[in-house]
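Guided by the hints, dock chains B, C and D onto chain A, whose structure is given.
Residue numbers (our numbering), protein chains in the order written: chain A, 10 to 345; chain B, 10 to 345; chain C, 10 to 345; chain D, 10 to 345.
All copies of an identical chain are treated as equivalent in the list; a pair is satisfied when it fits inside any one copy or across any two copies.
Okay, derived cross-link-like pairs now, DSS-like style, lysine-lysine, Cα gap no bigger than 25 Å in a straight line:
no. : residue 1 : residue 2
1   : Lys-339   : Lys-220
2   : Lys-220   : Lys-293
3   : Lys-270   : Lys-339
Derived from the structure by calculation, the hints contain no laboratory data.
4 protein chains.
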Amino acid sequence: MQVGMIGLGRMGANMVRRLMRAGHECVVYDVNSANVDALAGEGASGAASLQDLVAKLSKPAAVWMMLPAAITDQTLAALSDLLAPGDVIIDGGNSNYQDDIDRAARLSDKGLDYIDVGTSGGVWGLERGYCLMIGGPDEAVERLDPIFRSLAPGDGSPQAESLRTSELGYLHCGPSGSGHFVKMVHNGIEYGMMAAYAEGLNLLKAANTGKQARSVDAETSPLQHPQYYQFDIDVGEVAEVWRHGSVVSSWLLDLLAQSLKQDPSLEGFSGRVSDSGEGRWMLKAGIDTGVPLPVLSSALFQRFSSQGHERYSNQVLSALRAAFGGHAEKKTGEKH
Amino acid sequence: MQVGMIGLGRMGANMVRRLMRAGHECVVYDVNSANVDALAGEGASGAASLQDLVAKLSKPAAVWMMLPAAITDQTLAALSDLLAPGDVIIDGGNSNYQDDIDRAARLSDKGLDYIDVGTSGGVWGLERGYCLMIGGPDEAVERLDPIFRSLAPGDGSPQAESLRTSELGYLHCGPSGSGHFVKMVHNGIEYGMMAAYAEGLNLLKAANTGKQARSVDAETSPLQHPQYYQFDIDVGEVAEVWRHGSVVSSWLLDLLAQSLKQDPSLEGFSGRVSDSGEGRWMLKAGIDTGVPLPVLSSALFQRFSSQGHERYSNQVLSALRAAFGGHAEKKTGEKH
Amino acid sequence: MQVGMIGLGRMGANMVRRLMRAGHECVVYDVNSANVDALAGEGASGAASLQDLVAKLSKPAAVWMMLPAAITDQTLAALSDLLAPGDVIIDGGNSNYQDDIDRAARLSDKGLDYIDVGTSGGVWGLERGYCLMIGGPDEAVERLDPIFRSLAPGDGSPQAESLRTSELGYLHCGPSGSGHFVKMVHNGIEYGMMAAYAEGLNLLKAANTGKQARSVDAETSPLQHPQYYQFDIDVGEVAEVWRHGSVVSSWLLDLLAQSLKQDPSLEGFSGRVSDSGEGRWMLKAGIDTGVPLPVLSSALFQRFSSQGHERYSNQVLSALRAAFGGHAEKKTGEKH
Amino acid sequence: MQVGMIGLGRMGANMVRRLMRAGHECVVYDVNSANVDALAGEGASGAASLQDLVAKLSKPAAVWMMLPAAITDQTLAALSDLLAPGDVIIDGGNSNYQDDIDRAARLSDKGLDYIDVGTSGGVWGLERGYCLMIGGPDEAVERLDPIFRSLAPGDGSPQAESLRTSELGYLHCGPSGSGHFVKMVHNGIEYGMMAAYAEGLNLLKAANTGKQARSVDAETSPLQHPQYYQFDIDVGEVAEVWRHGSVVSSWLLDLLAQSLKQDPSLEGFSGRVSDSGEGRWMLKAGIDTGVPLPVLSSALFQRFSSQGHERYSNQVLSALRAAFGGHAEKKTGEKH
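So that you can see chain A by itself, here it is in the shape it has in the complex (with noise of 0.2 Å):
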């Protein structure tokens, strides 16, 4: 079926790809021009504006956003304008599912329907196949089956047709914002799975602590068993053979793997650690239905610190460190 598509970043650009394999049209339009040809090179429907694009779409439309968060509202303001009753509207990218509740509301009052889904999948998703979470409607949702079936997965065996859209790799999850609010929870299981990884690898490291010369002084806790800390560990095996049969074996594993290959040192990266809002909505989510989410909240804070977020708080711990105890701090850079 024929679908537009706006905003051809790596995400987006790939989506179309994938959809036109499957022999879909698509119409596609993005701020800059450049990307917009190179998609119209390989068989698309290239729009030189947003108006264009509602043009050359057949009705009912379809349209889907693949835009970052700050951008969204003002496109999808500026396109249901344009579009006519019956036409629906797809954000694919990572919006608040609270946004989408809101979005959806006002789109009803013109006739337009909103799908929301959130897209997992990353730069893997060209060949890989993107994993949907999808909300909104059903009617509307069912129409855009063949869309949705052709990014997901699937399934590639003969009994495809009879397994459920689940097992295919994408699921219509509820009303509106239900899409961006699994997809929300998908990351924030990310965030755990992350750091889960990352502090056995920084145990794994420090397996050797007991070789190292530790400093004896009042400010140092002593290592009491040293000979329990001999191991020089190879943390990129060890997450090779862990890919095998272990219970923590896991696609994150696979590229950890690999990324460790590369460089097991990992010294060409700072450790200043990003997040992107969906771990943030995630714990403001738990907080208002009481859930405790001590695993994500832990993940969550992990990057704030690494970002710098927590020096004052230690400058307060070493303040009254000194005052109770007249405690010096040993400087920067001593590691013990």
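Positioned in the frame of chain A, the structure of chains B, C and D alone reads:
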């Protein structure tokens, strides 16, 4: 090659089966003679006692112990009296790696080699293969390579010969203790991953909180925006869809989707979660080496709480709230 | 000076009493007329309605609201229709500081001043004085200084006049919202302190764990060194001794020692711990600003768990343990 | 009564002074003879060696050690060879309570009593008195009561005689080890309280985040409502006001307010926070007994992180983010 196996529980018996399938000769012993008979019926050579087992092994002997932690030490003592210099003992159970280091030193005085093998794979290992994390002296580990290779998942392809052992699912991690150290970290990561999924699913289930009636009193924090918590999400279907192309796909998620398919409510479980030691040991290792492990500790403490150990702590909190603010406890059973 | 008080619950009534003791004139109103009569009998001027209260106040009027959060907004709306430009409304309850910012903007359009006052002191404030954290426009806060000064603990010494207001127990923290912002942080710290004591006392109580029988099975992590856990510690006596010269002495500890003296077992409490909103708001503010709050979140999540909200999470963990390792749950009630 | 004191550092010297003020006779020794001379000049009886010290004590002798943990064991060994059955050794330093239990057993074989005393009060103890948590055999503890009573803060009132010792600031907690066990828990609570204040102050300082410019890119989570983060809060003034009538008033807060008065920015501190062992031991005790300690562990891990130990963990996270999403790290120094 030939190997003796002591301990024919779920794990040990299946490992014998996998070894025999690969053409190895197994001499087997268990305190429960029915277990010995069963495997003897499948082609193993049954032993009536430790002495008998040792007598049936050609020199240098290799004896693999697959025992509950509680009886490993006494069996090891008995065994070491029966063996001769050059023989090797393998502990494939869940021993504390610090015990391994102590044991290896003791056995080395008798001329015996000691190898610790962290074994992952659970009830699935017979078919899927076991991921093996191995610690011990180079020569002894080298000599047992055929055994490790057969237990591990392997690759199945013609080029398996050219792969590193980590790519086949077994790894010599370092000297004695390092195998169980790596297995300990593996299990700690497993705790964190499990908790990450559990938190996420708990929030998915709470996505309909806005539909529930909520008491209005000073002891209940109000839900500010109930319109954002109106989703009835099929948790099992979400677990299934995530298996296909998402970032959080993993073997644990495969199992989880399967469990939820059988019983989406999970009401067959009370939620009392045991822990079997490795998480505790890993946290202690983090304390010794100064490595922060917030995710592991969160996961471990959640289990402690599920076992009832936070009760007094909560009573203290209630007592304090009554003392400074005159707050009375809500009755247990009131949901919010 | 003269002040109107709306809301004569435990907090409001005692604040009126403290103001009258200091010579201020109080006009009081409550939906429950018995509360009005009681204070009228102690010298306050009773009002029969909001209108009556406003009518009895000389201009410019100052009206203090001491209400449950749930009815603050509607009272504020009614009140703002009755007041005239130049009048001031004080919210001394536990409002979300973000609501204050929105309210102040709305009221400012009508020429009304809005002051938010975070009030700490609980049931002890009448005698001990209330610690006041004040947000609002300079002039209005300045004008009400005599009221704040009388409510605050003060200093009692002749040189009180020369002290900063913070040394007397009240502080103008900044523009509207800042008072409740600081109070919110105050409460969050309180959560953390309470949890710190609760954890410590819980461990004191567990110091005799080595004396208890412990199941020996694969689902129970063994206690390695029972000889180190043989203490029967009198928790109440410890709380008392810490009050005298230790680093952890505090007002909360004073209360705790008192509670434990009355009932060392705390069996009068079930351990279901409510939370009243401020901790949640503070955690959200930390999320917004990227400030890591691991202690606060731990304290808050412990309360969520005590309310029963971690059940499904634990069921997921049990389901996973059964799936990969064949582990059966221990029955609830088995202690270890 | 008479007591020997070994170790005349900040703590030991001041304890001698406090004892002499109360009329006790002190024989003092330190490896640094200048410390001995100083106290001799104030009325103590100086000793030139351990032998000399023991020789100067009448029988049964009481020797108090106030030494760094690192040299306590060797001094104890030397001392125990010089003493006679019926003598008592007191360890007032920060020993691990498990060492106490082992030591007491060893010394008991020689007929010596061993008392462990957890001592809180820091540099303030001389004037304020020391809070003493005492473990050891009843008779020996009883005999030293006059010493404990003089070191403790006491009550200062005429009815002090009728008070329980806990009300005077010292407590016999139980058998050997229980004193340092209670002190260990005390310090763990202290970690948690300190972290609670530090987090709160960190958030107060971040209350103006909405005023700061913020990068707009996919690696920066946007601040949704900057209008709610416009406060410039005087953190020192807030600490001061909380001292008066609030729920979070404490001795630590008194010190904190003082430190912030001297240097509100705390820029004299780098934020590298040491830990001295007790927090680690307490966390291990929680692990052994199954007591969840999320607040303590959060506080301890924050210190570990401040010491640089989370770096590799963060590098792993960055490597993973690059691998699955093509995310590049922001440069260190970019604030958001």
